[in-house]
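Novice: Generate coordinates for the entire structure from the input sequences, incorporating the hints supplied.
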Amino acid sequence: MQLNDERIIKADPATVWAAILDPAVLQACIPGCESLTGSVAEGFEAVVSQKVGPVSARFTGLVTLSDVLAPHSLTISGEGKGGVAGFAKGGASVSFVPEGEGTKLTYAAEAKVGGKIAQLGSRIIDSFARKLADEFFQRFQDAVEGPDAEEEEPQASGADNENQDKPKKGWFRRLIS
Amino acid sequence: MPKDGGIGASTKRREDVRFLTGKGRYTDDINIRGQAYAHFVRSDMAHGILNSIDTAAAEAMPGVIKVFTAADLAGVGGIPTGWQVTDRHGKPMQEPKHPVLAEGKVRHVGDPIAVVVAETLDQARDAAEMLDIDITELPAVVDMRAALAEGAPKVHDDLTSNLCYDWGFVEENKAAVDAAFASAAHVVSLDLVNNRLVANPMEPRVAVGDFEDHSGNSTLYTTSQNPHVIRLLMGAFVLGIPESKLRVVAPDVGGGFGSKIYHYAEEAFVTFAAKQLKRPVKWTSTRSEAFMSDAHGRDHVTKIELALDADHNFTALRTDTYANMGAYLSTFAPCIPTWLHGTLMAGNYKTPLIYVNVKAVFTNTVPVDAYRGAGRPEATFQLERLVDKAARQLGVSPVELRRKNFIKPDQFPYQTPVAVVYDTGNYDATMDKLLELSDHAGFAARRAESAARGKWRGFGVASYIEACGIAPSNLVGQLGARAGLYESATVRVNATGSITIFTGSHSHGQGHETTFAQVVSEMIGIDAGQVEIVHGDTSNTPMGMGTYGSRSLAVGGSAMVKALNKVINKAKKIAGHLLEASDEDIVLKDGKFTVAGTDKSVDWSGVTLAAYVPHNYPLDSLEPGLEETAFYDPSNFTYPAGAYGCEVEVDPETGKVTVLAFTAADDFGNVVNPMIVEGQVHGGLAQGIGQALLENCAYDAEGQLLSASFMDYAMPRADDLPMFKVDHSCVTPCTHNPLGVKGCGEAGAIGSPPALVNAVIDAIHGAGRTDVTHINMPLTPARVWSALN
Numbered sequence: 001m002q003l004n005d006e007r008i009i010k011a012d013p014a015t016v017w018a019a020i021l022d023p024a025v026l027q028a029c030i031p032g033c034e035s036l037t038g039s040v041a042e043g044f045e046a047v048v049s050q051k052v053g054p055v056s057a058r059f060t061g062l063v064t065l066s067d068v069l070a071p072h073s074l075t076i077s078g079e080g081k082g083g084v085a086g087f088a089k090g091g092a093s094v095s096f097v098p099e100g101e102g103t104k105l106t107y108a109a110e111a112k113v114g115g116k117i118a119q120l121g122s123r124i125i126d127s128f129a130r131k132l133a134d135e136f137f138q139r140f141q142d143a144v145e146g147p148d149a150e151e152e153e154p155q156a157s158g159a160d161n162e163n164q165d166k167p168k169k170g171w172f173r174r175l176i177s
Numbered sequence: 001m002p003k004d005g006g007i008g009a010s011t012k013r014r015e016d017v018r019f020l021t022g023k024g025r026y027t028d029d030i031n032i033r034g035q036a037y038a039h040f041v042r043s044d045m046a047h048g049i050l051n052s053i054d055t056a057a058a059e060a061m062p063g064v065i066k067v068f069t070a071a072d073l074a075g076v077g078g079i080p081t082g083w084q085v086t087d088r089h090g091k092p093m094q095e096p097k098h099p100v101l102a103e104g105k106v107r108h109v110g111d112p113i114a115v116v117v118a119e120t121l122d123q124a125r126d127a128a129e130m131l132d133i134d135i136t137e138l139p140a141v142v143d144m145r146a147a148l149a150e151g152a153p154k155v156h157d158d159l160t161s162n163l164c165y166d167w168g169f170v171e172e173n174k175a176a177v178d179a180a181f182a183s184a185a186h187v188v189s190l191d192l193v194n195n196r197l198v199a200n201p202m203e204p205r206v207a208v209g210d211f212e213d214h215s216g217n218s219t220l221y222t223t224s225q226n227p228h229v230i231r232l233l234m235g236a237f238v239l240g241i242p243e244s245k246l247r248v249v250a251p252d253v254g255g256g257f258g259s260k261i262y263h264y265a266e267e268a269f270v271t272f273a274a275k276q277l278k279r280p281v282k283w284t285s286t287r288s289e290a291f292m293s294d295a296h297g298r299d300h301v302t303k304i305e306l307a308l309d310a311d312h313n314f315t316a317l318r319t320d321t322y323a324n325m326g327a328y329l330s331t332f333a334p335c336i337p338t339w340l341h342g343t344l345m346a347g348n349y350k351t352p353l354i355y356v357n358v359k360a361v362f363t364n365t366v367p368v369d370a371y372r373g374a375g376r377p378e379a380t381f382q383l384e385r386l387v388d389k390a391a392r393q394l395g396v397s398p399v400e401l402r403r404k405n406f407i408k409p410d411q412f413p414y415q416t417p418v419a420v421v422y423d424t425g426n427y428d429a430t431m432d433k434l435l436e437l438s439d440h441a442g443f444a445a446r447r448a449e450s451a452a453r454g455k456w457r458g459f460g461v462a463s464y465i466e467a468c469g470i471a472p473s474n475l476v477g478q479l480g481a482r483a484g485l486y487e488s489a490t491v492r493v494n495a496t497g498s499i500t501i502f503t504g505s506h507s508h509g510q511g512h513e514t515t516f517a518q519v520v521s522e523m524i525g526i527d528a529g530q531v532e533i534v535h536g537d538t539s540n541t542p543m544g545m546g547t548y549g550s551r552s553l554a555v556g557g558s559a560m561v562k563a564l565n566k567v568i569n570k571a572k573k574i575a576g577h578l579l580e581a582s583d584e585d586i587v588l589k590d591g592k593f594t595v596a597g598t599d600k601s602v603d604w605s606g607v608t609l610a611a612y613v614p615h616n617y618p619l620d621s622l623e624p625g626l627e628e629t630a631f632y633d634p635s636n637f638t639y640p641a642g643a644y645g646c647e648v649e650v651d652p653e654t655g656k657v658t659v660l661a662f663t664a665a666d667d668f669g670n671v672v673n674p675m676i677v678e679g680q681v682h683g684g685l686a687q688g689i690g691q692a693l694l695e696n697c698a699y700d701a702e703g704q705l706l707s708a709s710f711m712d713y714a715m716p717r718a719d720d721l722p723m724f725k726v727d728h729s730c731v732t733p734c735t736h737n738p739l740g741v742k743g744c745g746e747a748g749a750i751g752s753p754p755a756l757v758n759a760v761i762d763a764i765h766g767a768g769r770t771d772v773t774h775i776n777m778p779l780t781p782a783r784v785w786s787a788l789n
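Chains as they are written, first to last, in UniProt numbering: chain A, 1 to 177; chain B, 1 to 789.
If you're looking for bench data, these hints aren't it; they were derived computationally from the structure. Treat the numbers as computed from the prediction; the structure is a model and nothing was measured. Cβ coordinates follow ideal geometry from the N, Cα and C atoms, glycine included. Hints should not be assumed to be uniformly reliable.
Claimed, not checked - A short list of chain B residues far from chain A (calculated; beta carbon distances all over 10 Å):
hint, residue
1, A46
2, A175
3, S288
4, E400
5, E653
As the list claims (entries may be wrong) - Below, in silico cross-link-like pairs of lysine-lysine (DSBU-like), each with a Cα-Cα straight-line distance of 30 Å or less:
hint, chain 1, residue 1, chain 2, residue 2
6, B, K725, B, K404
7, B, K592, B, K573
8, A, K81, B, K105
9, A, K104, A, K131
10, B, K105, A, K89
11, B, K350, B, K278
12, B, K404, B, K12
13, A, K112, A, K131
14, B, K12, B, K725
15, B, K12, B, K174
16, B, K97, B, K278
17, B, K245, B, K66
18, A, K89, B, K350
19, B, K66, A, K112
20, A, K81, B, K154
21, B, K600, B, K589
22, B, K66, A, K81
23, B, K278, B, K174
24, B, K600, B, K566
25, B, K245, B, K97
26, A, K81, A, K10
27, B, K97, A, K81
28, A, K112, A, K89
29, A, K112, B, K154
Specialist: See the structure below:
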C-alpha cells in the first residue's frame with residue numbers, strides 16, 4: 001500500500017535535516033522502537049515491538065537511509081523479522097522544501113507485511129500502516145518543534161503542572177540550540 | 001410403512017452414538033508412550049531463495065531432540081503425483097519435484113522449511129523461534145495469466161515455464177467446433193471465475209508416526225480418506241518402505257471434503273522421523289496451518305461460449321480455462337480440471353460438438369486439488385451460468401431452453417462428445433419435481449410481495465450431472481491415472497453368525513458403518529446389529545482406493561455385494577449338505593435357508609456354525625470356514641443428475657443477498673438410507689451456498705495469504721441457510737452396479753452455486769437491470785452493490 005502526506009515543520013531545513021539523521025531522533029520517532037544502534041552510513045539495527053490486530057510481535061531488523069541528498073531528500077527503509085508473527089517491511093521517500101520560515105516535509109511511504117500478520121491482520125493493515133506513518137512524522141515534528149501550542153494549553157491548565165515551565169521547543173531543538 | 005432396517009430404511013447412524021457422546025477416536029486422540037512432538041516451520045514468503053538455515057541455537061533449546069531440514073532427509077523422495085496429463089500436443093505435463101521440506105527455494109506461504117522435534121509441543125515451538133533462516137525474497141506469481149506471460153518469475157527454475165499443461169479435449173473436434181461457431185445463429189459467451197476455496201473440515205489434519213524397533217515395522221496414524229493410497233504413495237515413492245513393513249491407520253476422521261485424500265509432507269515426515277529417532281512423533285495441525293498447508297479447491301478462470309441454431313438448439317460449446325495448480329502438484333491435482341471437468345461439459349444436454357481447453361498453471365500459492373465435487377462443480381457452474389445467460393439473451397425461459405436441449409430418457413445410453421457414456425437418467429423428471437416442490441407457479445406472487453417491501457426476488461434453476469463412482473481402472477489408466485480405482489471387501493462370517501465386513505473404503509462422515517450394514521442385513525436377512533463394519537486400517541482391510549468422488553457405495557458397496565454373494569453361494573452349499581438337498585434348490589430369505597417348495601430349513605447361524613465346527617460337513621468338496629474377499633472394478637462411472645432451484649431476495653440498497661428457499665431434486669439411483677442421503681445433500685448445499693455467497697480464499701499480489709483464519713474466511717453458518725427441500729424420488733437405477741446406486745456425496749455442492757447465482761441475476765433482471773449479466777462469486781453485499789452501482 002502507498003501512503004502520501006505532507007506537513008509543515010516550524011524549523012528551517014537545516015535543523016530538520018540534522019534531526020532526521022540523528023539516531024536518537026529516529027529511535028524516539030519509530031513507534032515501538034526499543035533500541036536502535038548503528039550509523040547513517042552503515043544502517044541501524046533496530047528492535048521494534050508492535051501489535052497488529054491480534055498479533056503481537058517483536059521485530060528485529062535493519063533501518064537504512066539511502067538516496068541521501070542533503071538537505072533535500074532521502075529514503076528511510078526498514079525491514080524486520082518478527083519470528084512466528086511474520087515479517088514487515090516498509091520505506092518512505094521524504095523530501096524537505098523551505099516554506100516560509102519553516103520546512104515542508106513531504107513523504108511517500110510504502111508498507112508490506114507477510115506471514116501471520118498478513119494472514120490475521122490484513123483487514124486492518126492499511127489503517128495500521130497509516131497510523132504508524134502518521135505517528136512517526138508527528139513524533140518527528142514534535143521532536144523538532146515541540147508539541148503544538150494548542151495541544152499544550154489544556155495540559156498547562158490541568159492538574160499536572162510539571163510541564164508549565166518547559167519552553168515550547170522540541171527536545172531536539174533544545175539540544176542543538 | 002417405512003422399513004426399520006435393510007435397504008431403503010432411514011436407520012439412525014450407529015456411529016453417531018460415539019461421535020455425539022465424545023467417544024470418537026480421532027487421530028489426535030492417539031498418544032503413544034514416549035511420543036515426541038513435531039512443529040513445522042513454514043515460509044512466510046511466497047517465493048524466495050533459501051540461502052541457509054542455522055539450527056544450532058534451536059537445537060540447544062530445552063527439550064529439543066532434533067531439528068530437521070531438507071539436508072536431513074537424505075534418501076527421501078519427493079511427494080508423488082497420482083495422475084499424468086498429456087497435453088494437446090501429445091507431450092506429458094511438466095511435473096516438478098515436490099520435496100518433503102523445501103530444497104533451495106520456498107514456493108508458497110506455508111511451504112515447510114524445517115521441523116523441530118521436541119519433548120513437548122511448547123518446547124518445539126519455542127525452539128522454532130531460534131531458527132535462523134535466511135531467505136532472499138523473489139518476485140511472486142499469483143495471477144495465472146501473469147504467470148504465463150513472457151519473462152514472468154518461474155515457480156520452478158528447472159521447468160520451461162509456469163505452464164503445467166495445455167490440454168485440449170477433444171482436440172480432434174476443435175476445427176468442427178470452431179466451424180459450428182462460425183455458422184451459428186446465436187453465440188453467447190461468459191467470462192467467469194470459480195473462486196478458490198479452503199475445505200476446512202472440522203478436524204484439522206494430524207499425523208502420528210511410530211516405529212517398532214524389534215520388527216522394523218512403521219505405522220502411520222493419519223487423518224486420511226484413503227489409508228491404502230497413502231501407504232502406496234508414501235511407502236513406494238517417498239520413504240521406500242515395502243507395504244509389508246508399513247501400516248497406515250485412518251481412524252475416525254472428522255470430515256475431509258477432498259482435502260484429506262492427498263499424501264502430505266507431514267505424513268511422510270513423522271513416519272521418517274519416528275524411524276530415525278526410534279520414537280513416536282506426532283504432528284497436529286493448527287487451524288492457521290491448515291489454511292496454508294491443506295490443498296485448496298477450485299480456482300479456475302474461464303471463458304465459455306455456446307453456439308445455438310435459430311431454433312435454440314445447442315450446436316457447439318467451447319471453453320477456455322486457466323486452472324491454478326498452486327506451487328506443486330498435489331496428488332490428484334492434474335486430473336481435476338481435465339478428466340473430472342472436461343468430460344462433464346456436455347452436462348444434461350445433447351450438444352453435439354464440444355471443445356475444452358485447460359491451461360494448468362503453477363503459481364506461488366498453496367497447491368490446489370479436489371474439493372467436494374472436484375472439477376464437476378467447475379464444469380456445472382460455467383455451463384449452467386452460460387445456459388441461463390443464453391436464455392436471458394434470447395428472451396426465452398431458462399427452464400424451457402434447458403428442456404429443449406435435455407437428453408431425453410429414450411436416448412440412453414447416451415454417448416457424449418466428451419468421451420463418457422451416460423448409462424441412464426431422466427432430466428425432465430427431476431426438473432418437473434423441482435418446479436413442483438419449489439412452487440414455481442407461485443413465484444410471481446412472491447416476487448410482487450417482495451417488491452412491495454422494496455426487495456428484489458429472484459428464482460434460479462440449475463441442472464447438473466456428475467460422474468461418480470470414480471473408476472474403471474482400465475479407462476482411467478489410459479487417461480493418465482497412476483493407480484487403479486477398484487474397491488474391495490472381505491466378508492468374515494463368524495461361527496455364531498455375526499458378520500464382520502472389512503472394507504477398503506473409508507468413512508469420514510458418510511455413515512458407512514450404518515449403510516453398509518443395512519445392505520448386509522438386506523442380503524442375508526439378519527439384524528444389522530449383527531454386522532460390524534471395519535475400515536481405515538491397512539493391516540486388516542483389503543486394498544482399497546478410498547472414499548472420494550461419491551464412490552463408496554457404488555464401488556466399495558458393490559465389492560461388498562460381490563463378496564457377500566460368494567459367501568451366500570458357499571453357505572447354500574453347506575445348507576444343501578445339512579438339508580440333504582441340492583444347493584441349487586436352497587433359498588436364503590430372512591436369515592433362513594429353505595429347500596424350495598418344502599418346509600425343510602436351517603437358520604443362518606446353523607449354517608455358520610457348521611462352517612466352523614465342521615462335524616457334519618462335506619469336507620471332501622468344501623473347505624471349512626465362511627470368509628470371502630472380492631474386488632470390484634466397474635465398467636463405467638455412475639451419473640447422478642438433478643435439478644436445483646434457489647429463491648433469493650436482493651436488497652438493492654445494500655446488495656445483500658438472502659437465500660429464502662432452496663430445493664434439490666436429485667436422481668441418485670437406488671437409495672440405501674434416505675436420511676443419510678438427505679444429510680449428504682444438506683451438507684453439500686451448505687458448502688455450495690458457502691462458495692456462492694461467502695467463501696473466498698484471497699491472496700495479495702505478493703502471494704501473501706490474506707484469508708487465513710475464520711475472521712477473514714467466511715464459512716456458511718446456519719443462519720445463512722434456509723430450510724432445504726430435498727427430494728430423491730426420481731430414480732433411474734444405475735445399470736451397471738449390483739445395487740443400482742449412483743452416489744450422493746457431492747451433488748449438493750455441484751448444483752447449488754449456479755442455481756444461486758442464476759437466482760440473483762434473475763432478481764436483478766426482474767427489477768429491470770438487465771445490464772448486469774454476471775457477478776463473480778462470492779456474491780457478497782459489496783460485490784452485488786458494486787455491480788448495481
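Novice: Among the hints numbered above, which are violated by the structure, and what are their numbers in rising order?
Specialist: 1, 3, 11, 12, 15, 18, 19, 23 and 26
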